[in-house]
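Heads up: the protein sequence lines correspond to chains W and Z, in order.
The end of the first sequence is residue 1468 by our numbering, with every number in the run present.
The end of the second sequence is residue 1468 by our numbering, with every number in the run present.
In case anyone wonders, no lab produced these hints; they're calculated from the structure.
We treat Cβ as the ideally placed atom computed from N, Cα and C, and that holds for glycine.
Among these hints, one or two may not hold up.
[Said to hold, decoys possible] Derived DSSO-like pairs (lysine-lysine); straight-line CA-CA distance at most 27 angstroms:
id	chain 1	residue 1	chain 2	residue 2
1	W	Lys1336	Z	Lys1370
2	Z	Lys1336	W	Lys1370
3	Z	Lys1336	Z	Lys1370
4	W	Lys1318	W	Lys1370
5	W	Lys1387	W	Lys1180
6	W	Lys1336	Z	Lys1336
[Stated by the list, open to error] Partial list, computed: chain W residues near chain Z (C-beta under 7 angstroms):
id	residue
7	Pro1162
8	Glu1279
9	Arg1364
10	Pro1368
[Unchecked claim] Calculated Cβ distances over 12 angstroms to all of chain W for the following chain Z residues:
id	residue
11	Glu1041
12	Ala1056
13	Val1164
14	Gly1191
15	Leu1214
16	Leu1228
17	Glu1268
18	Pro1269
19	Gly1384
20	Lys1387
21	Ile1443
22	Gly1455
23	Val1463
Protein chains: 2
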Amino acid sequence: MNSEDRKGFFASKEQLDMADYLTLDYYLECVGDIETALAHFCSEQSTAQWKRVDHDEDFRPTYAAKVISLTVEGELEALSYPVHHFESGPIHACRVTIAHPHCNFGTKLPNLLSAVCGEGVFFTPGVPVVKLLDISFPDAYLKDFDGPKFGIDGIRDLLQAYNRPIFFGVVKPNIGLTPVQFADIAYQSWLGGLDIAKDDEMLADVDWSTLIERSHVLGEARARAERKTGEPKIYLANITDEVDRLLEQHDIAVSNGANALLINAFPVGLSAVRMLARHTKVPLIGHFPFIAAFSRMEKYGVHSRVMTKLQRLAGLDSIIMPGFGSRMMTPEKEVKENIAECLQDFGHLKRSLPVPGGSDSALTLETVYRKVGSVDFGFVPGRGVFGHPMGPSAGATSIRQAWDAIEQGIALERYAVGRPELQAMVDGGRK
Amino acid sequence: MNSEDRKGFFASKEQLDMADYLTLDYYLECVGDIETALAHFCSEQSTAQWKRVDHDEDFRPTYAAKVISLTVEGELEALSYPVHHFESGPIHACRVTIAHPHCNFGTKLPNLLSAVCGEGVFFTPGVPVVKLLDISFPDAYLKDFDGPKFGIDGIRDLLQAYNRPIFFGVVKPNIGLTPVQFADIAYQSWLGGLDIAKDDEMLADVDWSTLIERSHVLGEARARAERKTGEPKIYLANITDEVDRLLEQHDIAVSNGANALLINAFPVGLSAVRMLARHTKVPLIGHFPFIAAFSRMEKYGVHSRVMTKLQRLAGLDSIIMPGFGSRMMTPEKEVKENIAECLQDFGHLKRSLPVPGGSDSALTLETVYRKVGSVDFGFVPGRGVFGHPMGPSAGATSIRQAWDAIEQGIALERYAVGRPELQAMVDGGRK
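Using the sequences and the hints, build the whole thing.
What follows is the structure in structure tokens.
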């Protein structure tokens, strides 16, 4: 590409009608001439050949992705990760902002993904290392999306739970219980104080615990727990399945008494989530399998923030994500960015309830709460409730006691005195 | 986890009925005690809490993933990639084979992904670096999958093209042409000798080139090209879209004359591909956007071979993949592994046509052919046909001439003499 050719892939924001463009932030490691690499980077993700042979035309003004901002962070001695490539020359770490015309693909999530993290982006000559850091959408694009149908406020209304976190629990053992055994444990946890007893993201519709049977007995157990406690409760059924079964699974689970549904967003695909969000009668809660496979490397892949944003766009009312726990291998800054993506303004879209999870219990609640910085989050222990030495009801109670301690400003260890459920957790934590 | 607890996550293959298990190969970097890390790795991807409190039970014999083979490759000074983690101790690179009971999720692709590259796999204490290298399926699992409906033989029959590669071309400019302009270029390329004129993976159903209009004019152009050449031709229409529109898009495109369909497999989701494969009346050809985001790192993520295998399992008749071209940043060994995944025995499933792509032209055909080692591949130039200085018909002709030269065992440069289409490519390549 010569100098004249390259110019078609650069613009200033002021020259463009930004309502026509998505704004993409990338981290790139460029080999050789930076301007050439960036022109190729834009070309490959949009109009790679911008005119026919022997025609005097140029598709770039309308259809080309264009660099609108560049910061060269410095020269590197080597790529941050070894990648098979053929260019030679100096290597520069760059932050680049690109305006990508959304008329190239429209308001369709699979086509959006193909454009912003597809072949062009990851197979540009001279750019072996790429991370998509963020996407910003103009209102003109967002208006085609409904987003969450319930959002945080809808979930709170359903539970009549305000001014506090929402207390989830992943029923454990996650794999192997019969539906009746599973319902018994969930029932105990509701009685102990959980708002939401949930299926594990690994437990869906299987021979030994069919969704139809599990949702039936869990629906009954939920009704009993609501009568006993006088409080609304949620059974969160995992309907993750092949896309052509999702709507049917929704209908089965909901008619049997599941009043929120879990879906593994990336494995089913974001547009399947969007389809389900249009159809659903209950809140949809997303789980995060697979996302770490492309988001964990600091300088390669796709930032988890992008996936959180796209899950909200697709219509998830709540998003379970890797949280602050040491097991979750996610920098605190990144967890906070993902929480912010659920809560901050995003066109006309409702807020999603962020659920930063990972090995939580009564002992971690205050830390999570302080780090989130508000009550607008879900707290999702598993073994912290269902592995409690006194059983699941006591496990759930220990979580609620921990919250009471926080609300009243009393140290956990002091509040545990005379409260055996919390005391057992405090004692266990000391070991 | 104590020593007694760990035992439940190890087994010898001979102890297990392997018809009940998928076999998973992983590369892992374990921090601290290897056996403990591996027990956690199995536990997290299956039954993390294997009994209820105060119950004498053990779900592991049936439901636990189990290490059946381990090779410690050596001790590392540091993780291959910096990953935020909290364990300390020696770091070992390990190859591990795990038997994972498929009754945990069944023959559903989203649930399979959630198990083998989901939360458990990527969030195991002591295992910050993971790459899923391969999956093997017992026939008991494969029998629920139909796989490709046409396969290589079906595509060859459709084209009446045997004993040679299948010649694709990506119509370029990929973005910006009106349907009529697009059809004109495709028509020329068919006349010049292409079997298949295809939409770019970025071009789907957009305002300025709707699928309904494009497939209509391309269907007509294809019929004209077939009459003119006396040869069957394929228009490969990209129907990548939101999942709830895929079947409708199939019906529109096929009734208008598209006789194969392109789908961006990972962005729509593998189970959407499977749904479409059940429904389709024409061959389905997959493209690879997004896969590089999790497969490029040598020691992290998911190997591209796994994705090729899953695409064949989902029913793609042909799989476009990063090829040998220098632009594609993929080691030759990996390209060959992906080609092998299309061609080798895989239960009762038909073979998929591998299409290793990337900046190809008449000048690269022989290299690709030699590296593939058979005629069972698709060759997919873009600018190598549509950027040809004499136009798309000449571009396509240059490809066929290059194949004739190979068949006749004549050097390309010699064969080009008196054949201006090939000569132009040879001359261009010399520059």
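Compare the distance between the alpha carbons of Lys1336 (chain Z) and Lys1370 (chain Z) with 27 angstroms, and conclude whether the hinted pair is satisfied.
15 angstroms, holds
Interface hint outcome for Glu1279 (chain W) [beta carbon to chain Z under 7 angstroms]:
This interface hint holds because 4 angstroms falls under the 7 angstroms limit.
Please check whether Arg1364 (chain W) passes as an interface residue: C-beta within 7 angstroms of a C-beta belonging to chain Z.
5 angstroms, holds
Beyond 12 angstroms from every chain W Cβ - status for Val1164 (chain Z):
Violated, because the least Cβ-Cβ distance between Val1164 (chain Z) and chain W comes to about 9 angstroms, which does not exceed 12 angstroms.
Sort out whether Lys1370 (chain W) lies within 27 angstroms of Lys1318 (chain W), counting only the CA atoms.
34 angstroms, violated
Non-interface claim for Pro1269 (chain Z) versus chain W (Cβ beyond 12 angstroms)
26 angstroms, holds
Given pair status - Lys1336 (chain Z), Lys1336 (chain W), alpha carbons within 27 angstroms
15 angstroms, holds
12 angstroms cut-off, C-beta based - Glu1268 (chain Z) kept clear of every residue in chain W:
24 angstroms, holds
Does Lys1387 (chain Z) really sit off the interface, with its C-beta more than 12 angstroms from all C-beta atoms of chain W?
Label holds. Min Cβ-Cβ 20 angstroms, cutoff 12 angstroms.
Against chain W, does Ile1443 (chain Z) hold up as non-interface, every C-beta pair farther apart than 12 angstroms?
24 angstroms, holds
Does Gly1191 (chain Z) really sit off the interface, with its C-beta more than 12 angstroms from all C-beta atoms of chain W?
For Gly1191 (chain Z), whose nearest Cβ neighbour in chain W is about 23 angstroms away, the distance exceeds 12 angstroms, so it holds.
With a cut-off of 27 angstroms on the C-alpha distance, tell me whether Lys1336 (chain W) and Lys1370 (chain Z) pass.
25 angstroms, holds
When held up to the earlier numbered hints, the structure conflicts with 4, 13 and 15 and fits the remainder.
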